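Q: Build out the structure end to end from the sequences listed, making use of the hints.
Taking my numbering, I'd label the letters of the sequence shown as residues 548 to 683.
Simulated from the structure, these hints should not be mistaken for lab results. These numbers were taken from a predicted model, which means no experiment stands behind them. Treat each hint with caution, since some may be false.
[Said to hold, decoys possible] Capping the alpha-carbon separation at 25 Å, the derived lysine to aspartate or glutamate pairs in DMTMM-like fashion look like this:
(1) K664 / D653
(2) K582 / E609
(3) K656 / D620
(4) K582 / D653
(5) K651 / D554
(6) K651 / D673
(7) K582 / D667
(8) K582 / D554
(9) K664 / D620
(10) K664 / D554
(11) K582 / D568
(12) K651 / E670
(13) K651 / D605
(14) K582 / D673
(15) K651 / D598
[To be verified] Across the chosen pairs, the derived CB separations fall in these ranges:
(16) P640 / A567: 19 to 25 Å
(17) D554 / K664: 20 to 26 Å
(18) T650 / D554: 30 to 36 Å
(19) K656 / D569: 34 to 40 Å
(20) S683 / G602: 20 to 26 Å
(21) S636 / R604: 18 to 24 Å
(22) S683 / A557: 17 to 23 Å
(23) R578 / G626: 19 to 25 Å
(24) T663 / G602: 34 to 40 Å
(25) C550 / S680: 25 to 31 Å
(26) A601 / I577: 30 to 36 Å
(27) D569 / D620: 19 to 25 Å
(28) E609 / A668: 27 to 33 Å
All C-beta atoms in this analysis are idealised placements derived from N, C-alpha and C, irrespective of residue type, glycine included.
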Amino acid sequence: MTCLFCDIAAGATPADVVLADDDFVAFLDIRPLFKGHALLVPRQHLVTLPDLPAGLRDGFLERAQRLATAMLDALGAQGSFVAMNNTVSQSVPHLHCHVVPRTKGDGLKGFFWPRTKYADAAESADYASRLASSLS
Numbered sequence: 548m549t550c551l552f553c554d555i556a557a558g559a560t561p562a563d564v565v566l567a568d569d570d571f572v573a574f575l576d577i578r579p580l581f582k583g584h585a586l587l588v589p590r591q592h593l594v595t596l597p598d599l600p601a602g603l604r605d606g607f608l609e610r611a612q613r614l615a616t617a618m619l620d621a622l623g624a625q626g627s628f629v630a631m632n633n634t635v636s637q638s639v640p641h642l643h644c645h646v647v648p649r650t651k652g653d654g655l656k657g658f659f660w661p662r663t664k665y666a667d668a669a670e671s672a673d674y675a676s677r678l679a680s681s682l683s
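A: What follows is the structure, given as structure tokens:
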């Protein structure tokens with residue numbers, strides 16, 4: 548079986564990548580809660596957080612922190628929402644951390660996750676470029 552996130556990490560499936568290094572890749576979610584919503588994944592195929600090896604834990608959290616900061620710096624968000632599902636509600640069985648830009652009164656309540664869309668590929672590429680610039 549193929550894994551969508553492994554294919555994105557390998558460059559075999561296109562995505563709006565905002566961060567890429569030897570161990571991790573972050574890219575825009577194609578069904579974002581809010582524009583700029585990014586997913587951070589390890590390049591190594593792992594399914595859940597308990598599967599993450601100790602040698603990758605600090606790097607995974609550090610990149611999630613950087614993404615959370617980029618939501619403010621690059622997108623002008625007031626904060627961020629950072630979350631992971633393990634098995635239940637995990638639409639792709641590959642460990643991924645959601646980092647979502649937030650603003651007061653944005654309508655996100657509890658675990659109701661409304662989805663939005665980018666107007667077109669140019670708009671998503673603009674968001675990706677802004678985040679990537681902030682992360683470099």
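Q: Take the hints in turn and mark each one as holding or not.
A: Structure-based check of all given hints:
1. K664 / D653: holds (15 Å)
2. K582 / E609: OK: K582 and E609 at ~22 Å, within 25 Å.
3. K656 / D620: Roughly 24 Å separates the two Cα atoms, so the pair holds.
4. K582 / D653: holds (12 Å)
5. K651 / D554: With a Cα-Cα distance of about 35 Å, the restraint between K651 and D554 is violated, given a limit of 25 Å.
6. K651 / D673: holds (23 Å)
7. K582 / D667: Holds, because 12 Å separates the two Cα atoms, which is no more than 25 Å.
8. K582 / D554: Given that 25 Å is the threshold and the Cα spacing comes to 23 Å, the pair holds.
9. K664 / D620: Given that 25 Å is the threshold and the Cα spacing comes to 22 Å, the pair holds.
10. K664 / D554: This hinted pair holds, its Cα atoms lying about 22 Å apart.
11. K582 / D568: Satisfied, since the Cα-Cα distance of roughly 23 Å is no more than 25 Å.
12. K651 / E670: Judged against 25 Å, a Cα distance of about 23 Å means the pair holds.
13. K651 / D605: Distance of about 30 Å is beyond 25 Å: violated.
14. K582 / D673: holds (10 Å)
15. K651 / D598: violated (34 Å)
16. P640 / A567: 19 to 25 Å: Distance hint for P640, A567 holds at roughly 21 Å.
17. D554 / K664: 20 to 26 Å: holds (22 Å)
18. T650 / D554: 30 to 36 Å: holds (32 Å)
19. K656 / D569: 34 to 40 Å: Check passed, 38 Å falls within 34 to 40 Å.
20. S683 / G602: 20 to 26 Å: holds (24 Å)
21. S636 / R604: 18 to 24 Å: Hint holds: Cβ distance 22 Å, inside 18 to 24 Å.
22. S683 / A557: 17 to 23 Å: Given about 21 Å between the Cβ atoms, the range holds.
23. R578 / G626: 19 to 25 Å: Roughly 21 Å apart at Cβ, these two residues keep to the hinted range, so it holds.
24. T663 / G602: 34 to 40 Å: holds (36 Å)
25. C550 / S680: 25 to 31 Å: The hinted range 25 to 31 Å holds for C550 and S680, with Cβ atoms some 29 Å apart.
26. A601 / I577: 30 to 36 Å: holds (31 Å)
27. D569 / D620: 19 to 25 Å: Given about 24 Å between the Cβ atoms, the range holds.
28. E609 / A668: 27 to 33 Å: holds (30 Å)
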